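Each chain, written out:
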Amino acid sequence: MIKLKVNRKEYTVDINPETPLLWVLRENLGLTGTKFGCGMALCGACTVHLDGEAVRSCVTPVARAEGKEITTIEGLSLDSGHPLQQAWIAEDVPQCGYCMSGQIMSAAVLLRENPRPADADIDAAMAGNICRCGAYQRIRRAIHLAARIQGQGGGR
Amino acid sequence: MEKTDVSSQVLTQLAVKIMLVIAALCLGALAPSTWAADDRDDAGARAAFLKAYPVFMHPRCLNCHPAGDAPLQGDDSLPHAQNVQRGPEGRGRYALKCANCHQAANLPGENLPPGNPKWHMPPPGMRMVFQGKSPGDLCKQLKDPAQNGGMTLEELIDHVSHDKLVLWGWDPGNGRSKPPSHVEFVDHLRTWVKKGAACPE
Amino acid sequence: MSGIFNLSRRKFCQAGMLAGGGLILGFYLPGLDRAAAAAPPIEGTFAPNAFLKIGTDDLVTVIVNHSEMGQGVYTALPMLVAEELDADWSKVRFEAAPVDPVYNHALWGMQATGGSTSTWTEYERLRQAGATARAMLIAAAAAAWKVAPSSLRAEQGQVVHTASGRRLTYGQLAEKAAGLAPPKNVKLKDPKNFKLIGKPAKRLDTPEKVNGQGVYGLDVKVSGLLTALIARPPVFGGKVKSFDAEKAKAVPGVRQVVQIDRGIAVVAEGFWAAKRGREALGIVWDEGPQAGLDSRKQREQFAELAAQPGAVAKQKGDADAALAGAAKKIEAIYELPYLAHAPMEPLNCVADVRGGSCEIWVGTQFQTGDRDTAVEITGLKPGQVKLHTMLLGGGFGRRAVPDSHFVREAVQVSKAVKAPVKVVWTREDDIRGGYYRPVVYHAIAAGLDGAGHPVTWRHRIVCQSFTVDTPFEGAMMEHGVDASAVEGARGLPYEIPNLLVDWKRAPGAVPCLWWRSVGHSHNAFVVESFFDEVARAAGKDPYEFRRALLKNHPRHKRALELAAQKAGWGKPLPPGMGRGLAVHESFKSFVAQVAEVSVSKEGKIRVHRVVCAIDCGPVVNPDTIAAQMESGIVFGLSAALYGEITFANGRVQQRNFHDYPVLRINEMPVVEVHIVSSKDAMGGVGETGVPPIAPAVANAIFAATGRRIRRLPIRGEDLKKV
Ligand code: FES
Ligand code: FES
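Protein chains in written order, with this note's numbering: chain A, 78 to 233; chain B, 2 to 202; chain C, 2 to 723.
Any given hint could be a false lead.
Okay, derived cross-link-like pairs now, SDA-like style, lysine to any residue, Cα gap no bigger than 25 Å in a straight line [as the list claims (entries may be wrong)]: (1) C:K567 <-> A:R218; (2) B:K119 <-> A:A140; (3) C:K721 <-> B:D77; (4) C:K605 <-> B:Q132; (5) C:K92 <-> A:L155; (6) C:K248 <-> B:E111; (7) A:K82 <-> C:E270; (8) C:K203 <-> A:Q229; (9) B:K179 <-> C:Q654; (10) A:K145 <-> B:E90; (11) A:K86 <-> C:P208.
Derived from the structure by calculation, the hints contain no laboratory data.
Computed from a predicted structure; not experimentally measured.
The whole structure should be built from the sequences, with the hints applied where relevant.
What follows is the structure, given as structure tokens:
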């Protein structure tokens, strides 16, 4: 039995502790906003926050998450009101959209640690997240916009 | 890794370093000539260091001691994909911190992220570069407390003998090549120290 | 455009009530093309014929018959309806169409998404749908108010009586309108009165793509759902000799192991158990005839084939004689590798075959074929097979498979275990699973006369055909030439008096498929790179040389001029940098790109800026066009810089994003997109940004270094300063 706290809710799951957190979130808890892209920590589609860090859930044994705060895209904000989500909508970033949960979860760590990121910071934070549709230019733009929204206290 | 753990660890390390630096300043510089060695043998020390040198240059060891600010990867020591960077504490930056992918243990399977509870690279203030260093330069750097985190040579030996992350180099997981023998590596370094720790030219 | 649709034959079939009250409207355009006429609708099909629903809640739902895979059809197609409907855009929603002939592609006689055709083929039909509904809503209001329809106007989801200012919303009118007969003829708007079309519109699918709520195939939840991973042969064409089901079943969570056509399925409670179960199978394979497949040997084989004449795709004058007599000859070999599509969402399919029904949830570009495959496997009637099109986490052609293999697998497994099953492909399964862009070998030559004018062009393309022996053979093969192999080469736009383009068919060692921009993906690279070589050989500026020879191709020329002008063609660049350009027509659109590139001493390439100009005719959503150009450029750059699937001992040597890398954000150039204002025929945008980027970059590398790139991906060793 493993106890997990996801998006401020407690869960108990009966699972092999080696199972990657990704599959526990998606299959056992039904939180399918976190995506599977590579299973090797190469693409970032599965990024969630583990005690605030942008952890790749596809390679994270669920045992590591026990006793930690897990946040997934579903728990990032109440009503898509996170500055990044607002900015993503304003810039119409997603194409197929499949990578976007991971992109946003990575960008959230960047914005928390650097409220006014320069392009080089964006490159340093976001190069672990592949977008096969190539929305990179818009991701960059949206992060800058989100920084402004956040700076004006515009997040929900 | 718990965040609180990390920061308290960093603070302790820092305190230890400061104390060591102060001690070093009081005792005078730790130049080889002042190193009291019973069996001082500069030629022997140099020879021993040269034997240990290939281990430092092995990708398992060198990859996290790059000349630049990106860790390296693979046996060809190419810059780590994903634009990974050293970051302010040697633990990566933003959404690309080492522990975001590297777990406490190697993951089974080819090319999966290797792991270790201490996975990190030298912080920017103490870069401990291996890549591109000649034996002489590497040796001087290793001995210099200002560059080695304030370690004495005994502590250095202890570090390469027991540090979990150093030892990872000989247990790198699926399919990765290993450096030459760890036992011999430590022996060479011990000999080097015992013979006065002279550095190759 | 209007030539495509025989409007006099338009037949409105059904206007019925919505469950909650309201208007549901559809229509049917029978016999649009030969394919549709040849394939009579499958018996037992339920045909609601609906493209549009208006509820009493004022919501306008457009039922979209094309799959959303990032290209923006869930926005562009609703825009077409909403424009003519004068709908309130904030009330417009989308819904994926079920499988039914009424939702067939307007030209192909089947429900499918591809060929960059979604918007231009629906441009008229969906506007008709909107205009018809609008006329019915106005008629309903006219009846309610007892006034002449001509005294009413529609705006923003309401019908307004101009004289009195009275208003009724579409929701209020929906029930009444549903009882009316659709008008026979409706007039479409003059484009100058468009309110939505041609202006940037926010995508309707963005909100659900930023909060994790959008449901992709992989996210489908069904009660009692099991997960299956399939062990497929490591060598294409291999077969299972033996395996150990018991070892796999010993893994906790594994429920069943079943053999299906394409391999061994391990069915488990979840992904991880299925994966571990699969690893335990201990399969012994009969590797079959391709066990020795080796990319290096294949290259030699292709080189030999290139020495033999192929089937003629295009011929003008006498290319060989002109080459023999040319004052200057330029000859080159160009080579391109197999490429995997690697959509971000690995392939997957959920099937539930139980009793007398089959339900499928899948991100597919090929609904009709997939449904028919399920019919074939289950023996059910088409009406008993229900297929739900989910969001696609990328398609790029990979989800349009004539053999429906990824649906076939799921249906077979579900049928065998009598439970709903989700077949999941790992990334390794995807990268190693075939259906690649074919490997291609090009032998090309040109000749100049004494004055430096090109007098001849001879281009031989060696590759396999992936359309023969599929239902697409009839459409693709023309006089023994596979159109998908020579597209983008046979229609050379440059004025050259002698021309020969031929195709030598290579053996089909590996399953191949259309990969975003298909034949254009390699032919544009070869034609536009080699044309640059010819320009240099003639001592001419590559831009001016192209312009001069594009006299009879004004759309190419306009795109080229716009891109060159916006990029500052001819302006000096810092040392170490080079500028290159390419222009290419594909899928009825004309795209020119100028790339600015630098190359380091170690041979590391950096693409700094790409200026792109597109003429795709009338514009629906300019922001989507820009996004698709950005997207195509990234996709093409990933291939040009990194993309390569190779074989050794019959096995694919790559398996995930570490050895099949794609562009990341830190490598992203600044991309500027400019749209040519154009009233010409509408073309596509989903694929058309891809073809010009590789040659533009290669030409820029030549400008920067003097090194000519003749094989992709671009290799550092081809670039290092010697
Ligand atoms: S799925 Fe975890 S990084 Fe790709
Ligand atoms: S939007 Fe499709 S992968 Fe990023």
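Right, here's what the structure says about each hint:
| no. | hint | result |
| --- | --- | --- |
| 1 | C:K567 <-> A:R218 | 21 Å, holds |
| 2 | B:K119 <-> A:A140 | 18 Å, holds |
| 3 | C:K721 <-> B:D77 | 18 Å, holds |
| 4 | C:K605 <-> B:Q132 | 20 Å, holds |
| 5 | C:K92 <-> A:L155 | 23 Å, holds |
| 6 | C:K248 <-> B:E111 | 22 Å, holds |
| 7 | A:K82 <-> C:E270 | 23 Å, holds |
| 8 | C:K203 <-> A:Q229 | 24 Å, holds |
| 9 | B:K179 <-> C:Q654 | 24 Å, holds |
| 10 | A:K145 <-> B:E90 | 22 Å, holds |
| 11 | A:K86 <-> C:P208 | 24 Å, holds |
Checked against the numbered hints given earlier, the structure satisfies every one of them.
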